[in-house]
Amino acid sequence: MFETLEAYYFKFLLFLDKVFILPYQLFYKLLKNSVLAYFLGTFLLALSSIMLGKLLLGVIYYVNRNYIKSLTEELVKWYNLSVEALERGDTERFHLFNNEANEYFGKLFFFSIAQSASLLIFIPFILFFLQFRFGEVEFPLPWLSLKANYFATFLLCYLLAWILFKRVSPLIPLYKKIDQYIEICNSVQREMKSMAEVLKRKMEALKEQSQDENKSLKKDESAL
14 MFETLEAYYF KFLLFLDKVF ILPYQLFYKL LKNSVLAYFL GTFLLALSSI MLGKLLLGVI
74 YYVNRNYIKS LTEELVKWYN LSVEALERGD TERFHLFNNE ANEYFGKLFF FSIAQSASLL
134 IFIPFILFFL QFRFGEVEFP LPWLSLKANY FATFLLCYLL AWILFKRVSP LIPLYKKIDQ
194 YIEICNSVQR EMKSMAEVLK RKMEALKEQS QDENKSLKKD ESAL
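Sequential numbering from 14 applies to the sequence shown in our numbering.
In case anyone wonders, no lab produced these hints; they're calculated from the structure. Fair warning: this is a prediction, and the values are worked out from it, not measured in the lab. Hints may be right or wrong, so weigh each one.
To be verified - Here are the simulated DSSO-like pairs of lysine-lysine, each with C-alpha atoms no more than 30 angstroms apart in a straight line:
| id | residue 1 | residue 2 |
| --- | --- | --- |
| 1 | 189 | 120 |
| 2 | 90 | 31 |
| 3 | 90 | 190 |
| 4 | 42 | 160 |
Please model the complete structure; the sequences and the hints are all you need to start from.
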């Protein structure tokens, strides 16, 4: 059984190698420069991982749209109730409602982490390929006695690819639609009341009360 799994594993790795090496071969044929081919090929792999990850994120949001909406609505409901209880000075209900809100916030938080992982899901496969193909390749850094290996060069290419994707994706209909859909799923949170405003009003009320008490004390002292 383990031998069979190992055989499938190596077949999968060989498949990845055949796919991931294509942009390097293409750029080398076009430019006849191995260094440029390496960086452009790595940049293209990084950009592809970001684009595919964003597509996967859109699919996850679509499949779980009802679950996300229900969690968000419950969070908003209990949070607003806790704010209203705070406005009334009902400490017991505030803690009760706030605990409920925190429970739904925790569920949304961990779910959002799982969703965000979809953007990075292809990176381990690319790094494995780079280690396999270019593990011994290093580039000297100018003015430093250090060298950049495959991981450092991939990180640089990934950051550049992410900057490019953020600028270009709003112009691409598919990714624009994904962003709009994600925004719709999260738009319910706009209905949350501001606890900071409540606390601010309470602090202002306490300050005014303190000033009135000080004034009354001064009047009493002057009367004496």
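A quick look at each hint next to the structure:
Between residue 189 and residue 120 the alpha-carbon distance is near 27 angstroms, which keeps this suggested pair within the 30 angstroms criterion. Proximity of residue 90 to residue 31 is assessed by CA-CA distance (about 52 angstroms); at most 30 angstroms being required, the pair is judged violated. Between the alpha carbons of residue 90 and residue 190 the distance comes to roughly 28 angstroms, so the proposed pair stays at or under 30 angstroms and holds. Only pairs whose Cα atoms come within 30 angstroms are accepted, and residue 42 paired with residue 160 is accepted, the gap being roughly 27 angstroms.
Consistency note: the structure conflicts with earlier hint 2 alone.
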